[in-house]
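Chemist: Start from the sequences and build out the full structure, keeping to the hints where you can.
Residue numbers (our numbering), protein chains in the order written: chain H, 1 to 264; chain X, 1 to 793.
Just so you know, these hints were derived from the structure itself, not from any lab.
As the structure is a prediction and not an experimental result, all values here were calculated from the model.
Treat the hints with care, as some may be off.
Stated by the list, open to error - In silico DSSO-like pairs for lysine-lysine, Cα to Cα no more than 27 Å straight-line:
no.: 1; chain 1: X; residue 1: LYS566; chain 2: X; residue 2: LYS635
no.: 2; chain 1: H; residue 1: LYS2; chain 2: X; residue 2: LYS127
no.: 3; chain 1: X; residue 1: LYS56; chain 2: H; residue 2: LYS39
no.: 4; chain 1: H; residue 1: LYS39; chain 2: X; residue 2: LYS127
no.: 5; chain 1: H; residue 1: LYS2; chain 2: X; residue 2: LYS123
no.: 6; chain 1: X; residue 1: LYS123; chain 2: H; residue 2: LYS39
no.: 7; chain 1: H; residue 1: LYS26; chain 2: X; residue 2: LYS127
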Amino acid sequence: MKDFEFHRPASIKHAVALVAGTAGAKYLAGGQSLLPVMKLDLAEPTALVSLARLPGLADIRVDGGTVAIGALCTHDQVARSADVAKAIPALAELASHIGDAQVRNRGTLGGSVAHADPAADYPAAVLGLGATIVTDRGRHPADTYFKGLFETSLADGELVTAVHFPVPKRAAYAKFAHRASKYAVVGVFVAETAAGVRVAITGAGATVFRSAAMEAALTTSMTPGALDGITVPTDDLNADAEASAEYRAHLCVVMAKRAVAALR
Amino acid sequence: MGNAQGIGAAVKRKEDRRFLVGRGQYTDDVTLPNQSYAVFVRSPYGHAKVNGVEAKAALAAPGVLAVLTGADVAADGLGGIPCGWLVKSKDGSPMVEPPHPALAQGKVRHVGDPVAMVIASTKAAAKAAAALVEVDYEPLPAVGLLANAIAPGAPQVWDEAPGNVCFDWHIGDPATTDAAFAKAAHVVELDLVNNRVAPNPMEPRAANGNFDGANDQYTLYTTSQNPHLTRLLLAAFTLKVPEHKLRVIAPDVGGGFGSKIFHYAEELLVLWASRRVGRPVKWTSDRMEAFLTDAHGRDHISNAKLALDANGKFLGLRVHTYAAMGAYLSTFAPAVPTYLYATLLSGPYDFPAIYAEVKAIFTNTVAVDAYRGAGRPEATYLLERLVEKAARQLGMDRVELRRKNLIRADQFPYQTQVALQYDIGDYQATLDLALEQADYAGYAARAAASKAKGKLRGFGMSTYIEACGIAPSALVGALGARAGLYEAANVRIHPTGSVTVFTGTHSHGQGHETTFAQLIADRLGVSTDQVEVVHGDTDRIPFGMGTYGSRSASVGGSAIVKALDKIVDKGKKIAAHLLEASVADIEFKDGQYRVVGTDRVKAFGEVAFAAYVPHNYPIETVEPGLEESAFYDPKNFTFPGGTHLVEVEIDPDTGVVEVASVTIADDVGVIINPMIVDGQAHGGLAQGIGQALLEEAVYDAEGQLTNGTYMGYCMPRAADLPNFKVGNHVTACTHNPLGIKGVGEVGAIGVPPAVINAVLDALAPLGVTDISMPATPEKVWRAIQAARAGKGA
Ligand SMILES: Cc1cc2nc3c(=O)[nH]c(=O)nc-3n(C[C@H](O)[C@H](O)[C@H](O)COP(=O)(O)OP(=O)(O)OC[C@H]3O[C@@H](n4cnc5c(N)ncnc54)[C@H](O)[C@@H]3O)c2cc1C
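Modeler: See the structure below:
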């Protein structure tokens with residue numbers, strides 16, 4: 001690990017200015033994605049701007065049809081939130097299966113969404129529920145937010161402050177975890193929303209994506225059986241030692257069925 | 001039992017307090033005045049010529065004290081890392097024993113092979129400077145996989161080892177085996193792979209070397225399972241300084257599983273570097289370095305054939321095995337696939353004929369050496385997969401086929417066809433106990449319940465034996481060992497009756513500080529609180545060969561008992577004097593010397609006190625003081641055995657295997673501390689299940705380790721395991737004073753084939769007949785797909 005500066009600003013404005021003004025600076029939230037890559041010298045930021053002291057970013061508010069979760073809310077906080085469990089039980093459930101207890105105690109929603117790891121869980125809920133990513137300078141709809149491998153529509157230095165999740169009629173998340181890392185090999189989020197059925201799949205491709213075929217089938221009949229015969233094309237799927245593209249494609253359908261069976 | 005804390009008592013572990021409060025002292029915790037730090041520049045190639053090492057920029061970096069290379073190692077005359085065991089080929093020729101310089105000279109032969117050593121005043125400085133060392137590599141064709149290394153035309157790891165063969169060894173009688181097969185009614189054949197695993201002790205390796213120039217004295221702190229062996233190899237082969245100038249300390253060590261037995265180059269290099277830079281030099285492996293440089297385990301490819309008569313009685317066994325050695329021969333590597341593997345191929349069965357051939361093969365990987373079980377898990381896996389296949393092929397019940405062939409209790413001592421003589425056991429009893437504890441009778445109902453949930457349930461078993469209590473020195477010497485494998489102990493009674501025990505075994509998780517204290521409590525009638533067990537320091541302990549091969553209690557404990565016998569005998573003479581009786585009339589029981597048949601007694605503490613304050617004392621015939629040493633060399637191996645039963649539930653949609661239950665019944669001989677024995681069984685089972693379902697160190701053809709981090713290499717966790725049911729049926733070992741056999745490895749030995757047999761049992765209705773370890777979800781899913789496709793076609 002290379003030497004770096006460390007800042008702990010007390011305002012969003014100051015944090016944004018620090019990152020904008022320092023070449024190679026990065027925000028530090030829970031550090032559960034950033035620190036591992038720094039330890040391996042795969043990221044060598046010149047400065048870390050800690051978000052720990054920023055006010056107002058660790059709140060969860062349920063407001064009519066929206067659950068607004070601050071960027072600094074830890075996975076554990078979301079998993080244990082009675083408000084989240086009541087409004088969107090699938091979201092609390094999803095958070096409770098991220099990594100392990102240590103990771104959940106440190107890792108944050110904002111960090112996960114900003115990092116956009118292809119095997120992360122939250123992106124499935126963000127896209128599956130059609131959430132909105134709120135930043136220091138604007139709003140990003142989920143449908144155009146995830147661009148590719150670790151790529152989002154955030155501008156350089158743009159700070160995620162919250163994610164607004166619309167409350168669905170019913171939703172569920174089914175995850176097939178990597179045996180070693182516990183990240184999603186395949187995770188499928190299924191939601192019945194006011195705007196229709198949404199199916200978002202994480203882990204399988206370069207970034208989270210929706211399955212139009214599954215959404216169409218489930219719009220006809222919201223049953224696991226409706227997904228019989230659907231195949232996910234393997235062309236753009238990830239392949240690694242844990243799972244080939246073919247196996248991932250198969251798991252997409254299996255996990256989608258399990259999510260449908262678990263809708264709440 | 002004379003003492004509530006003695007043999008048989010589940011005393012809580014004395015050492016756990018310091019571990020639980022974070023006060024263990026591990027090698028990396030030792031920071032000496034003026035400490036400096038070493039980081040190694042390691043080969044990124046499986047095989048390459050090293051045309052040059054340019055260290056100018058690194059030497060100029062801040063804080064750098066030295067950059068040392070293979071040329072410096074050669075110039076200073078350091079010895080190569082030796083192999084501790086010579087195996088001879090069938091034709092009598094010695095194994096190919098290539099050089100193993102501590103830092104590469106001219107060539108690197110595996111990823112992680114050290115090329116240069118950077119020493120700096122901080123670890124960060126050393127690491128930064130290491131990145132500045134420029135090595136001119138010329139990549140050569142490499143062979144990372146055992147399967148490729150044995151193919152014709154494979155790249156050569158060593159010029160002197162044509163076909164990459166280190167040795168071509170055999171055991172057993174080919175003629176009687178041929179005859180057995182000739183008259184067989186059935187022959188069952190199986191090809192199988194024993195997957196390569198990385199040891200992954202919680203504490204990575206570390207070494208801190210200090211040369212005291214004023215006294216010409218070297219001190220090494222190291223993560224070792226056997227500091228005396230390390231000192232011996234340093235003194236005789238690598239550093240080449242006499243033992244009295246060399247102190248090796250293995251303080252608290254966080255697990256080893258075999259991988260910390262061996263003498264590694266880093267241990268030599270930190271001592272040597274300390275002499276060169278005039279400061280202590282510390283190296284601590286990081287986890288990725290551990291994956292690349294700790295000796296791995298297993299890695300066999302085998303073909304096995306079993307001959308049976310019409311009734312299912314075993315007639316003969318023929319085995320051919322290729323065993324990977326890696327690029328260099330590690331300390332015990334040649335012994336593992338030979339004397340710790342092929343000699344176990346009779347298992348717990350009565351076999352009239354066995355013939356096994358083993359070819360040891362070099363590959364461009366880190367060394368393969370002993371890993372929990374070492375050879376015996378490979379033998380057990382082969383045999384139990386084969387026996388299971390036989391039951392299916394012959395349409396016989398798996399339990400009955402085994403029962404029919406198990407050595408009967410009245411056949412002991414039993415001479416196998418592969419050199420070993422089992423002293424005692426009762427394999428039918430452990431089989432019965434396991435079946436009863438597992439409610440085998442209720443299995444059909446459980447299978448039906450799984451089916452109702454859409455799951456496939458399978459039952460798998462293994463009846464196994466192992467040889468441990470390593471080892472009779474003369475025997476292993478005849479087999480090529482270059483060291484004796486006895487054990488040493490020193491028992492020091494203090495004037496007030498408290499006790500310090502110095503043992504040559506080494507505890508790195510096993511709980512010796514408790515178990516050995518219990519031996520003392522049992523024999524002397526003192527409480528375990530009055531006993532201190534000291535291990536891991538060559539200056540404090542007379543000698544010792546360390547801990548591995550489940551030897552500590554049976555061999556190390558026996559040495560302690562021998563020393564205790566001497567103490568008790570000397571105490572008798574003192575007590576006789578104090579009690580004014582003849583020595584022949586004194587008995588020692590429950591901590592008291594008594595004139596037989598009277599109430600005239602002297603407590604052990606009083607006798608100890610008299611020994612140190614010899615005012616009223618038989619000074620003409622008995623020396624003052626109460627301290628005795630003993631060496632114990634075992635007469636034979638010990639032979640634990642038993643039955644392991646596993647039930648799995650498979651999700652046919654995903655291929656995920658869940659271990660539903662594990663029930664074992666072992667005979668580990670006399671048990672000192674049942675809690676610790678259960679814990680050892682539990683840990684071994686976790687590793688065995690890890691090997692069967694989760695773990696594999698995957699090299700690619702070019703010798704790159706593809707999964708050397710915890711993001712890829714899957715260690716077993718609590719959630720992957722059920723609660724274990726552990727039972728014991730004891731037959732006491734006949735040839736050591738305690739009747740102990742050993743428990744350190746049984747879990748890792750017995751359970752892998754039981755897991756795979758259970759997986760195959762679950763999948764059998766679909767037509768799946770084979771699956772390799774680890775049975776990962778995708779592998780299981782593919783097997784199901786292939787079987788379904790095959791059936792449909
Ligand atoms: C062992 C392990 C297992 C894991 N398993 C899982 C799993 O199963 N599922 C899963 O989803 N995740 C998993 N994770 C990742 C974990 O959830 C991380 O917490 C998450 O990906 C990143 O959040 P963080 O707060 O730790 O971000 P950091 O690591 O602090 O930051 C990550 C990146 O996001 C940037 N960033 C952080 N916050 C913001 C913000 N508010 N605005 C803009 N940019 C920001 C940082 O600059 C950095 O580039 C695992 C991690 C580990 C170490």
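Chemist: Hint by hint, say whether it matches the structure.
Modeler: These are the hints, each one checked on the structure:
Annotation: proposed proximity of X:LYS566 to X:LYS635 holds, straight-line Cα distance about 20 Å (limit 27 Å). Between H:LYS2 and X:LYS127 the CA atoms are separated by roughly 10 Å; this keeps the pair inside 27 Å, and the hint holds. Between X:LYS56 and H:LYS39 the alpha-carbon distance is near 26 Å, which keeps this suggested pair within the 27 Å criterion. Taking the CA atoms of H:LYS39 and X:LYS127, the gap is near 12 Å; set against the 27 Å cutoff, the hint holds.
The straight-line distance between the Cα atoms of H:LYS2 and X:LYS123 is roughly 12 Å, inside the 27 Å bound, and the hint therefore holds. Restraint check: the Cα-Cα separation between X:LYS123 and H:LYS39 comes to about 14 Å, which is no more than 27 Å; the hinted pair holds. Between H:LYS26 and X:LYS127 the alpha-carbon distance is near 23 Å, which keeps this suggested pair within the 27 Å criterion.
Taken one by one, the earlier hints all hold for this structure without exception.
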